[in-house]
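Novice: Sequence:
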Amino acid sequence: MTASTPASYVLRGTAAGGTLRIVGMDSTQVVEDARLRHHLSKTATAALGRTLTGSVLLATVLGKRSDSRVTVRVEGDGPVGFIVAEGSVDGRVRGYVRQPDADLPLRERDGKLDVSGIVGTQGELSVTRLLDNGEPYTGSAHLVSGEIAEDISTYLGVSEQIPNAVLLGVYEEGGRVAHAGGLLIQAMPGVTDETLGKLEANIRAMGQITDNLRRGGLMEAINRATDGLNVQLAAEAQGSRFECRCSREKASDSLKFFDAAERQDMIDAGGQEIVCHWCGEHYQITPDEIAALDATDTHARA
64 MTASTPASYV LRGTAAGGTL RIVGMDSTQV VEDARLRHHL SKTATAALGR TLTGSVLLAT
124 VLGKRSDSRV TVRVEGDGPV GFIVAEGSVD GRVRGYVRQP DADLPLRERD GKLDVSGIVG
184 TQGELSVTRL LDNGEPYTGS AHLVSGEIAE DISTYLGVSE QIPNAVLLGV YEEGGRVAHA
244 GGLLIQAMPG VTDETLGKLE ANIRAMGQIT DNLRRGGLME AINRATDGLN VQLAAEAQGS
304 RFECRCSREK ASDSLKFFDA AERQDMIDAG GQEIVCHWCG EHYQITPDEI AALDATDTHA
364 RA
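Add 63 to a position in the sequence shown, counting from 1, and you land on the number used in the numbering used here.
In case anyone wonders, no lab produced these hints; they're calculated from the structure. Any given hint could be a false lead.
[To be verified] So the derived label-pair ranges between C-beta atoms look like this:
1. Gly-174 x Ser-310: 41 to 47 Å
2. Arg-278 x Gly-333: 50 to 56 Å
3. Asp-164 x Asp-322: 54 to 60 Å
4. Asp-331 x Arg-128: 45 to 51 Å
5. Asp-140 x Ala-355: 40 to 46 Å
6. Gln-295 x Gly-334: 51 to 57 Å
A quick note: this is a predicted structure, and the numbers were derived from the prediction, not measured. In this text, a Cβ means the ideal position worked out from N, Cα and C, and glycines have one as well.
Using the sequences provided together with the hints, build the complete structure.
Specialist: In structure tokens, the structure reads:
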């Protein structure tokens, strides 16, 4: 990595003579932006952060075009409610949780954030993407742990028939996200049992991905996971950022779903505030802008 490496980025590569596909992401800034935008608790930050990272990794593996994106929805029985993240092949990502202030104490057994507890273990993870014909397709799998990484891995294996390993982590320190990232390794045709055995041993030996990120960043995690497997990475990193597709125009247009009397009440009240649930952006729509919607509708009917 060079001084020009983006704050958050995706690395792609192969190992074991092309029989393993590697996708890694440093999502530290992306997850910190999400924490600030949604005023997330510590544990909710970890849960959403893992899902945001996972959505970009999935988009990279499943996407067929440069603008492909996937939407991941995690709905368990934990206090955070549902989690939604949309990741794109070009690195753009956005997402939110139902209850951003939900939190739990650190786990007694290891002092780690209780992501499984806040997400829940009973529920479903679903992934929506566009097929080659442009039609949306949604696949799903039951939650197996609520830790997100294992759940995404299970989805890939069950719904997409892709043998894989997924590692995701978020580490918070001093009230902010200090390290976040993930790794998705896909077994490709021709992979040998020896290679898979070596990969499994490496992953067991490396421990938590957050420990690797803290020691040496994303490259530490990739090198430990692919030790002895001759990893080959692309020369350039793909930048990644938290970016929503909302706009003032879309916020204003959303008021068209209200009837004329309801919009008049908004005008009389001095305008209407619209908050994007994806990114937390606030749009204050003025009375004149609301009145213009009625004028537009009148012209359209004429």
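Novice: It remains to establish, for every hint, whether it holds in the given structure.
Specialist: Results for each hint:
Taking the beta carbon of each, Gly-174 and Ser-310 are about 43 Å apart, inside 41 to 47 Å as hinted. At roughly 54 Å, the beta-carbon separation of Arg-278 and Gly-333 lies within the given 50 to 56 Å, and the hint holds. For the pair Asp-164 and Asp-322, the supplied restraint of 54 to 60 Å is violated, since their beta-carbon distance comes to about 33 Å. The given range of 45 to 51 Å is respected by Asp-331 and Arg-128, whose C-beta atoms sit roughly 47 Å from each other.
In this structure the supplied range 40 to 46 Å holds for Asp-140 paired with Ala-355, their Cβ-Cβ distance being about 45 Å. Judged by the Cβ atoms, the range 51 to 57 Å given for Gln-295 and Gly-334 holds: they are separated by roughly 56 Å.
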